[in-house]
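Participant: Given next are the chains, with one letter for each unit.
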Amino acid sequence: MSLRTILKAVSLPLLLLTAAGCKPSGPTSSEVTLLNVSYDPTRELYAEYNAAFARHWAKEAPGAAGKAPPKVTVNQSHGGSGKQARAVIDGLEADVVTLALAYDVDMLRQKAKLIPEGWQQRLPNNSAPYTSTIVFVVRKGNPKGIRDWPDLAREGVSVITPNPKTSGGARWNYLAAWGYALRQPGGNEATARALVTGIFKNVPVLDAGARGSTTTFGERKLGDVLIAWEDEALLLSKKISPDEVEVVIPSLTILAEPPVAVVDANVDRKGTRAVAEAYVRYLYSPEGQEIAAKHYFRPRSAEVAAKYADRFPQVQTFTIDELFGGWSSAQKTHFDDGGVFDQLYRPQR
Amino acid sequence: MKRVLPGFGLTFGITWVYLSLVVLLPLAGLFLQTFTLSWEALWAAVTDPQAVASYRLSFGAALAAGLINAVFGLLVAWVLVRYRFPGREVVDALVDLPFALPTAVAGLTLTALYAETGPLGSYLNQLGLKVAFTPLGVVVALTFVGLPFVVRTVQPILEDLDPSLEEAAATLGASRWQIFRRVLFPNLLPAVITGFTLAFARAVGEYGSVVFISGNLPFRTEITPFLIVTKLEQYDYAGATALAVVMLLFSFCLLVGINLLQQWSGRRGRQPGH
Chain A
1 MSLRTILKAV SLPLLLLTAA GCKPSGPTSS EVTLLNVSYD PTRELYAEYN AAFARHWAKE
61 APGAAGKAPP KVTVNQSHGG SGKQARAVID GLEADVVTLA LAYDVDMLRQ KAKLIPEGWQ
121 QRLPNNSAPY TSTIVFVVRK GNPKGIRDWP DLAREGVSVI TPNPKTSGGA RWNYLAAWGY
181 ALRQPGGNEA TARALVTGIF KNVPVLDAGA RGSTTTFGER KLGDVLIAWE DEALLLSKKI
241 SPDEVEVVIP SLTILAEPPV AVVDANVDRK GTRAVAEAYV RYLYSPEGQE IAAKHYFRPR
301 SAEVAAKYAD RFPQVQTFTI DELFGGWSSA QKTHFDDGGV FDQLYRPQR
Chain B
1 MKRVLPGFGL TFGITWVYLS LVVLLPLAGL FLQTFTLSWE ALWAAVTDPQ AVASYRLSFG
61 AALAAGLINA VFGLLVAWVL VRYRFPGREV VDALVDLPFA LPTAVAGLTL TALYAETGPL
121 GSYLNQLGLK VAFTPLGVVV ALTFVGLPFV VRTVQPILED LDPSLEEAAA TLGASRWQIF
181 RRVLFPNLLP AVITGFTLAF ARAVGEYGSV VFISGNLPFR TEITPFLIVT KLEQYDYAGA
241 TALAVVMLLF SFCLLVGINL LQQWSGRRGR QPGH
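As given, the protein sequences belong to chains A and B, one line each in that order.
Mapped onto the working numbering, the consecutive letters of the first sequence carry residue numbers 1 to 349.
Mapped onto the working numbering, the consecutive letters of the second sequence carry residue numbers 1 to 274.
Any given hint could be a false lead.
Stated by the list, open to error - Some chain A residues well away from chain B (every beta-carbon gap over 12 Å; in silico):
1. E31
2. A51
3. R147
4. L182
5. A194
6. T215
7. T216
8. L235
9. I249
10. Y284
11. A302
12. A309
13. R311
14. V315
15. Q331
16. D342
Claimed, not checked - Now the stretches of chain B that chain A is said to cover, found in silico as 3 or more residues with beta-carbon under 8 Å:
17. 111-124
18. 186-194
19. 222-235
Honestly, the hints are just simulated from the structure, not real lab data.
Glycine included, each C-beta is placed from N, C-alpha and C at the ideal position.
With the rest of the complex left out, here is chain A (with noise of 0.2 Å):
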């Protein structure tokens, strides 16, 4: 009860922030307030998306003849994407979420039922229209001569990631690294341990996000590497500081899958089911790729990917469900309490 409280205490603001639209969506208003909750890195992504879906919505919104044409506003909210997860199965109104992983997504499922089961397989491409994979930034020049995970873990080199406990992004991270050494001639479960162990023996800092860590890197001036999600790592190079840093892409490296649900059970008490299914099918539409494309994350559609060929180079990836078998099974592995993760860090017996 009090968690509740306390999470509810802490979503008041975005609560208020949305306050003034929730009120009135009822399913004959034309006017319509979506709130989506989404994670850090999709800021400006989903602003842009947001503009784009009330336009398309105000052509081609169903039932509206003769009417004045239907308004829809979206709010938006961002944050860890474990955080705003908990926060949409405490009670923050969701009609969207658009997080980081699926496991938590699929905690909405398992904690409050707010999604049914199969809730991945409702949209094409397991629910994620959109994806991005993991890569190195280096200082520029790559002083340092980083190409491959296994340089990650050499002596001297020095390694920004935030901590896989409290960051999806680091999630991916680690688990592109073990999947890299499982992957290689050889590899079994005790090369990837050692191959994780090392880089990890060369952290000086886990930030608790990932927008922490392009900090530490950016604007410290920390580490010589930092593991990030190829958005963050593109925009950092392309736009922040084109001048100091550059994109190192692993020869081999996950897939990442950040997926969009529709919440059932909040759209059915507020009857925006119609609205909220078309936002996020509308992401799979060529506007809401080239949208994606542009702010960096991998568009699925092949006309738009082959657009902007120039800005995603071919990489080879794995997925993880066919290295780790989902993210449930993944996370009880690595990162739960007593997982592979903790055991680096206990001191040896």
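On the provided structure of chain A, position chain B as indicated by the hints.
Facilitator: Chain B only, in chain A's frame:
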């Protein structure tokens, strides 16, 4: 018994309802959530070596920060009350700034300053002193957020302290040190202890500024509130509240102890006058 002051029943009732709503109810909820764990699971969660290491850092750093603030906060209050100098009002206002600044901003700023590449950090680094991403950095952040408490509790007491007391002591032949030790200090001690308690309690629960400067390395620079967040991240609400309860019980015992100490010092402080 007829009371001289009217309204006891009403105000007492309101006080209880208010305290129950604002403090007791949430705390009861916290304990209830913990009791969803079995005793073994609860014990395992709170005695986990990683958790124990975090208690040591959380309480140790909070204590250190509280003590630093007690000494320097007293000094700041003294300067603000007893001397008139240009810009005094500005300094006075500066003291409250740590209250107003969002703690995350404080954390980011301190980290930028004290990181190896920061303006202060690079200098300290040459002297072989690392602040950011070490336990020392945690103390620095907690000292920052706790500063106003001591100054603001000592200031009004010092203002009300009649300078003629010191003059009287001086005419009776007391040395400056004796005046401080026998006249000033006993009068100020209860306020200093209150300020210390507030600063300490604030520091124990601090999260926002510390996560930036500590680096969050397991067993080395993880504070207990951070561990609580890692448990929430696994949707382990019961485990998170178990740690919270430990912090709460620790803090409660410490605060009761400090209160007793304060009563004792208050009584001692008043004696010479009566």
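Participant: List, from low to high, the hint numbers that the structure doesn't satisfy.
Facilitator: Numbers 6, 7, 15, 16, 18, in rising order.
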